[in-house]
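Sequence order for the protein chains is A and B. Just so you know, we're using my numbering here: the first sequence kicks off at 6 and counts up by one. Just so you know, we're using my numbering here: the second sequence kicks off at 415 and counts up by one.
Source of the hints: derived by calculation from the structure; they are not laboratory data. Cβ atoms here follow ideal geometry from the backbone N, Cα and C, with glycine treated the same way. Do not take every clue at face value.
To be verified - Selected chain B positions facing chain A (Cβ under 7 Å, derived; list incomplete):
| # | residue |
| --- | --- |
| 1 | Gly421 |
| 2 | Ile423 |
| 3 | Asp465 |
| 4 | Ala468 |
| 5 | Ser478 |
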Amino acid sequence: MLISYKWFQTFFKEKLPSPEEVSKKLESLAFEVEGIEKVGASDVLDVKILPDRAHYCLSHRGIAEEIHGITGQALKVPRDIPVAPTANPQILAPKITFVTSHAELDARGLFCRRYMGRRVENISVAESPDWMKAHLKEIGERSINNIVDSTNIIMFDCGQPLHAFDADQISGDLVVRAAKEGEKIVLLDAKPEGKEVTLKATDHVIADEVGPLAIAGVKGGKRAQVTATTKNIVIESANFDPTAVRRTATRLNLRNESSRRFENEITPELAADGMELVSGLIGSLVPAAATSMSEVVDIYPARPEPTVITISRDYVNTRLGTVVPAAIFDEILSRLGIVAIQSPNKSGEFSLTIPYHRLDLNIAEDLVEEIGRVYGYEKITTHLPAPQEKRITVFPAFYIAEKIKNILVLAGFSEVNLYTLVAKGVVETAHPLADDKAFARENLTDGVMVCLQKNALNADLLGLDTVKIFEIGHTFTAGGESTKLAIGIAQVKKIKGVKSDALVNTAIEFLAKELNISIPSPALISKGIHSVVEIDLDTAAQAYKLSSTATYADLGFGKAASVMYKKFSVYPFMVRDIAVFTPEHITDADVWAAIYKGILAVHSDNLLVRHALFDTFKKDGKISYAFRMVFQSMEKTLTDDEVNTVMQSVYAQVKERNWEVR
Amino acid sequence: MEEKTTGHIHPITLAIEEIRQIFKEIGFSVAEGPEIETEHYNFDALNVPEDHPARDMQDTFWLSPLSDRKLLRTHTSPVQIRFMEKNQPPMAIIVPGKVYRNEATDATHGAEFYQVEGLYIDKKVSMADLKGVLLKFFKSFFGDDIEIAFRPSFFPFTEPSVEVSIKWKGKWLEVMGAGLVHPKVLEAGGIDPKEWSGFAFGGGVERLVMIKYGIEDLRSLYSGDLRVINQF
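So that you can see chain A by itself, here it is in the shape it has in the complex (with noise of 0.2 Å):
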């Protein structure tokens, strides 16, 4: 909802304060202010309304009663606008009818629960002032002309959405009724010019003897929109069912301004402030028409009563759990515009009656936000209760998964962790993301199979020679969901008698002993260098006999490390082995401070990401270290070149040493 602090500040007796100190308490109240941008002369406030206070807050009024609320800040009553003329007797009210709806919506209530239109004569239609132009661009909607900008402009003002026809387009009398199936009618702007909308029964219009004029709460049709000729126009101020303006609009993809307000519920009181309002706007641009206006046309089947809540201070502060002071508390309640009366019979206890526009104050829990929220939640002391006398007991299939990782751990596993949503599978989502992402995974194995194939290439960035991983998560099939594990290796280094697929049964068989359970051979997939398995932990668990007395203390998590990750190079990385025979005193360390010092003799800023020892042999009284370096930079891809030329400073070192590279 964007606010112009211009407008808003019509609102108020006093100066305002500065926008951002507005957005400051708007802040502390309930709202998100999205940003603050100056348009034209005025600065506006992007302010984000959550679904509960959409009842009354989808307007300048309903923000200002809101910073009334919270800062007592005085409101400004009665405004300086124009007030609304009187009837002239002469002009003829539109005559209206409703038709009742359809059988599902009367069950719960009228669709149109008050209908309230005026006959205006004498209008002459221009181009709206240059204040409303601003006003409305502000706001960011476009002008249109007088009176469809004085709609708008009241719309965004007390949140009425209003409509206003060509009375002489109008057939006979306005009905508001349930569409015909397979109805159609031309929409105002349609596009392409003359497209028409096809209704159905669930759908509600305002029509006349012809057909359709207008599709309720959501938007006019084109046969009597207000154009430049247009001389006599009827102002509507109705109030339409939030459930079944949002199924047409959603339905027809017209979700606007106007069904926004219906669909959130507003109350049908306030359609007579939106008559008066925009009955004074136009009179004071239109002064043949201020004489010229009819009686308002009231059909109001069954007034609501006013919502009354029993509380008392007490029941209040025990769910706020500290002691709002009496006065505060009854100040907070008058400035919210809820009179509150004593119970005679009960001590303590008060009748709050709640303000029309409040529908989302129903039950008492809803005053303790009001009376939180105002009176401040900082100032609520923290009280931690004493734990329940209850016993922690283990969730069983939370106790095995967490154990079955660091057995796995132990074993030298690293856990991953990979999308649901995945290209292809059974398990299909209605409205996909992304086409490669439509389904949830029927295995873990596709996953992590292509996770070894990409940790493999890293495998000597890693210091592997062996990439071994798992993934314990949820998969989807025709039968359901279930609970798996999946273990894949990849044997990258080539050692005679190794191979990935016997490692990983050694993995499943080691599994199975420390659970003490029996897990059956899973199916085994390899491919190349890589295998994976995956079981099923379901099963698993079923099998495994948890103690009556098990307590996460025993999964042998330690303490949480206080670790800072460090982002990792995305160039990519270059190895370079080295074999230096030495006499048989030196050590490895002795050979390696040599190298290392070849290495930042040419960068001092380390390209050195990894280095290990992984030979040493002795031969005829000498001794051989082969060492493997890997090497990469975090800005750049490293050259062959630049590589070699390391190589040769470290080469240089050695020789220095009359030591010898094999």
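Use these hints to put chain B onto chain A, whose structure you have.
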């Protein structure tokens, strides 16, 4: 050339484990639930009415066919109801688990992520209790110098509802939603709101992990990349 023979636990697991340990000290157990949920548990029982704008707050992955009204859960809150149905109050649980939102992925938003939910039901539970439990948690998780603040907010399943922020290295960061359990939610779980009251809270685990370990892109947690995981 292996430098270390043990493997590495994923940072999300580490965080969930640490959260579990902290809450265990103050009497919370663990509960879990399915990732495919019914409309009933994900929305209706949590006081999110059908055809209400509040449903737009969480973009949902509905499953095909739509007529089954099944979905990938948008939050861990359905487990509140499932747990209430099967257990008698008082109760105190945390619920870790994966959740799904149909929204575009970027460095700080994911279509799938982990949440930890908390539910505490007892007699005369207050906002002061909620504040006490969360302050204890955040101090244990992030360090003693953490401050927390409540800002009014809206969730259909709590009343009052608040957004919880922590002050971390001089900056306020929103980390959780919380509030007192709405009486309709207690009723949906078969608990009498006249006798019992409670608080609930929930937030993304990734956010906590990112703050704590200094990770800038949430997606790196799901890349399966050992260059990330092996740092932990």
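Quick rundown of the hints versus the structure:
1. Gly421: For Gly421 (chain B), the interface hint holds, since the closest Cβ of chain A sits about 4 Å away, which is under 7 Å.
2. Ile423: At about 5 Å, which falls below the 7 Å cut-off, the nearest Cβ of chain A leaves the hint on Ile423 (chain B) intact, so it holds.
3. Asp465: OK, holds: Asp465 (chain B) within 7 Å of chain A, min 4 Å.
4. Ala468: Holds, about 4 Å.
5. Ser478: Status holds, d = 5 Å.
Checked against the numbered hints listed earlier, the structure breaks none of them; every hint is satisfied.
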